[in-house]
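Asker: Okay, here's what each chain looks like letter by letter:
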Amino acid sequence: MHPNREGHWPDRLHRLWRSAFASVSTRQFADELYSGLLELPGVRAVLGGRLSPADEVLVTRWADATGLHSAAAGLAADIADLVVDLPEDGVVVPLPLLARRSPGLAARAAASGGDGLLLIAFDVAEGGRGLLGLATVADGSDTELLTTALSQVIEVVVAADHRISEQRTLEDLQAVDALLAEASLRMDASLDIADTLRAVLRMVVPALADGAAVHIRREERMVQVAAAHVDARREALLAEHLRAGHWAGEPVIAGAARAGDGPVAAGLPVEVGLATMTMGVLRARGRDVGLLTFFHRGTPAKRVTTRFLHDLASRAALAIDNATLYEQRRHDVASLQQHLLPAVLPTVPGLEFAAGYNAADHALEVGGDFYGVVDQPDGAVVALVGDVCGRGAPATALTGLARHTLETVLAEGGPAPHALGILNRKMLRDGITRFLTIATATLRPGSRGEWWVETQSAGHPAPLLVRRGGTVVESRCRGRLVGVFAELDLRPATDRLLPGELLVLFSDGLIEARDADGGFYGDTELPLTLTRSRELPVAEMVEALLAGAGRYHVNDDVAVLAVRNLGVTALDRVLPAHEVLGAVENALRELTHPGCPPDHLARFVAGRSTDIRAKVAGDAEWARVELTAVDPNGGTAWTELTA
Amino acid sequence: MDRTDSLTDANLVLVVEDSEVDREAIDRALSRSHPELLLEFLPNGNAVLERLRDPTRPRPALMFLDLSMPGVDGYGVLSAVRADPDFAALTIIVLTSSTTSADIERCYAAGADSYIYKPVNFALFRTVLQGAVDYWHSLPDRPR
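Residue numbers (the working numbering), protein chains in the order written: chain V, 2 to 644; chain L, 8 to 151.
Worth flagging that the hints you see were computed from the coordinates, not collected in a lab. Careful, some of the hints might be misleading.
Unchecked claim - Covered stretches of chain V (in silico footprint by chain L; criterion: 3 or more residues with CB under 8 Å from a CB of chain L, positions within the stretch not fixed):
1. 23-30
2. 166-175
3. 231-238
4. 535-544
Stated by the list, open to error - Just some of the chain L residues that point at chain V, by a computed CB distance under 8 Å:
5. Pro42
6. Val79
7. Tyr82
8. Ile123
9. Ala130
Said to hold, decoys possible - Residues of chain V clear of chain L, computed beta-carbon distances all greater than 10 Å:
10. Arg19
11. Ser71
12. Leu96
13. Arg222
The structure presented is a predicted model; accordingly, all values stated were derived computationally and were not measured. All C-beta atoms, glycine included, are put in the ideal place defined by N, C-alpha and C.
Please model the entire structure based on the sequences and the hints provided.
Answerer: If you want it as structure tokens, here you go:
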């Protein structure tokens, strides 16, 4: 710009146009606008204001020799006195006349040195009005020139305001779309809908609302699952008042009213700081499954929030519906699975059994793994674990057939190979296209607390034996899958199970569990887990196996059945605490075991007022002492003693 | 709560954020939505107390605090600032990408005024920041 034209109005106006069109807010060119007008001849002060469609004064500015002041004290009230009948054409109002309508404004103009006010109102974006005024001195000012200059500036303001408003609307829509996309992504990726909706509220507040709450229908009642407030100190207050029904949405929650469309008074106590609300009903398949409410401290930008609320509500409703169906299906599957497994395992003197089942992650069909223990008329006991290929109804039917066939034949005294042969032939005869694998272990009592174990494997992982010293040995039994070949070609193995030793049967999901590096549990730490956990109560040992040593993710269907040979039971009685240690010592003597109860058992007993179930079993070389407090919270202590 | 004091500049905002990308995004977003604000940035939490206690400079009225930072993290800054009653009037808005209940409760317990989710999308980020600043600026007992 030419230096000699520094104060030239057309140049100032040109610069103002350029600034206005580079600005993202009218505030950004306010300095230039007000200082430019202030330098016009005869101008002593410049007034600016913005009114809402309801004529509330939103923004006020005043510039005079002391500078530009935004939201100057009392200025909004002074302008409010003028809002009725604002002039749209430039007329200089003498201050005495102005003082009748707005004494405050007249006083400001007078204080700046003016004797009149040239005031023009104009329409701005979103239905509001703008106001620009010049405090002038009659002597030295050209009203026509000032009116023209003011009109030119108003053209700049209106054009920039509309452009900025359109830009903001576009950006708001982009933000809303981004929020909706992110919220949808989260809801699609998670089945924990309550947790997901809590996260979604965190995105909504404060982007689109100052507070938000979500209710979900549970057992015919709308239950609040989350509430968020931009002010942390008021968040608990909001949740509390919503729960207590201290808000206008309570009739909707109670089912006595329908949610209206659009912002209404929230009816919350003043201390919550949220005056209005917009509710969105979450409807899925013709049913109200929840309620999403946005709260605002004032009147919200209705267009964006209402649209967003309804979009989000419809997506949330779908997510809730899917999650509910999923949970119902999971429950049905778990229930059916439970019915395919024995409710209790038999009690066999000298043996201790425990079984565990892991259902595949997020499985919505019944798995085909099963286990069982069958007493035989001659005193033998058969433990078995099987695995039907596949999942779902056909696998379930075959699981039922296999368990029924095997247990019927075994319970009548039939040997395991015979029972497996009958099942194999039946499957082939009936044209069942699926196959199954199975391992059995027939235990027969020997002398001095020993049991003889005959294991069979029809295409199944061979059972493992855990010796007294902790060594893990795989049974050498082998055989073919059931339901594929006419001959199973079973090659049994026979082992001796001494007191203190364990037999573990399991399905392949256990050995195929992987760690983060892709290593198989069965190839690495399964034997180590067995060695380390062999002294645990057998149920806890099974749990430890299914936990994958805390490293392997057991995410398939897995059945585990563990048997511990306890040897000869020398003591199994409920006793007063003070009699327990003496009885244990007597039982160990009865077994001719040289050990005595260790200190931790003495501490477990000491000072206990409730009775204790004391069990001592074993032989002369190994003994297990297990003390369980009768009190359900009393716990269990145990030890294994080796001579 | 009285949020006014003569040492505080109502338009000064302290942003404690280790990510340069996020600092730039905050600058861009707030410059557009609230050009009247003066932004001051710290790249980590180590110097926050020292800055707030500097008698030669005005105190910020508001602080955006990233939760996850090397060195003194957001929780550490929050606890340290809240332990000093001189800064009771400072509004602290935690910015984080976590929406887990445990993180939120921990921040509230440590004295955060707002817990704000930090989205990836810039338009949404700008809207979030604008919403937070608008809310705290709208309070009648806050300096403007």
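Asker: Now tell me if each hint is right for this structure.
Answerer: Tested hints:
no., hint, in the structure
1, 23-30, "holds (count 4)"
2, 166-175, "holds (count 3)"
3, 231-238, "holds (count 5)"
4, 535-544, "violated (count 0)"
5, Pro42, "holds (5 Å)"
6, Val79, "violated (21 Å)"
7, Tyr82, "violated (14 Å)"
8, Ile123, "holds (7 Å)"
9, Ala130, "holds (4 Å)"
10, Arg19, "holds (17 Å)"
11, Ser71, "violated (7 Å)"
12, Leu96, "holds (29 Å)"
13, Arg222, "holds (22 Å)"
Of the hints listed earlier, those the structure fails to meet are numbers 4, 6, 7, 11, in rising order.
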